[in-house]
Every structure is written in C-alpha cells, then in structure tokens.
Amino acid sequence: MSGEVLVPARRSVPSALESTLTVIVSAIWPVAVVGALLGFGSWWWNIGIAIVASSVIGAINSELAKRRKAG
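Just so we're aligned, residue 52 is where the sequence shown starts under our numbering, counting upward by one.
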C-alpha cells in the first residue's frame with residue numbers, strides 16, 4: 052500500500068463548566084414555568100428572566116464549544 056495514512060481526529064470532551072452550563076440552560080424553562088404556576092413571581096418576570104438567562108448562558112456555552120472544537 053502506498054499513500055498517506057489518515058489518523059482519525061480525536062473528539063475533545065466538554066469541560067465541566069460547559070457541561071454545567073448545558074444542564075442549567077436546559078433547566079431554565081421548566082423552572083420558570085413551575086415557578087410561575089406555584090406563584091413565585093409573575094408570569095412575565097419568569098418568562099423574561101428565562102429568555103434573558105437562556106440567551107446569555109446559551110451564548111457563553113456555544114462560545115466555549117467553539118473554542119474547544121478549534122483548539
């Protein structure tokens with residue numbers, strides 16, 4: 052056989068921070084809905100906080116994933 056030998060690329064695993072943020076961002080909406088149903092704050096505050104928190108944490112998490120995959 053001749054030619055170049057291809058070595059499969061290693062997949063890097065997510066860091067502990069990235070895994071934690073993934074869990075948090077996936078739990079924000081259920082917590083917001085349950086909190087609103089149980090009377091913790093108003094619906095609008097719970098929805099607003101869930102939108103802002105999931106956007107910010109999702110952006111941080113995607114930036115961490117992009118850096119992990121690049122390096």
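Hints are computed from structural coordinates only; laboratory data are not their basis. Model, not experiment: these values are computed from the prediction. Treat the hints with care, since some could be wrong.
[What the hints assert, rightly or not] Beta-carbon label-pair distances, calculated as ranges: (1) Ala116 <-> Leu89: 50 to 56 Å; (2) Ser106 <-> Val85: 19 to 25 Å; (3) Gly109 <-> Leu89: 38 to 44 Å; (4) Lys117 <-> Val58: 43 to 49 Å; (5) Gly122 <-> Val85: 36 to 42 Å; (6) Gly90 <-> Ala121: 42 to 48 Å.
C-beta: ideal position from N, C-alpha, C; glycine also.
*Which numbered hints fail*: 1, 3 and 4
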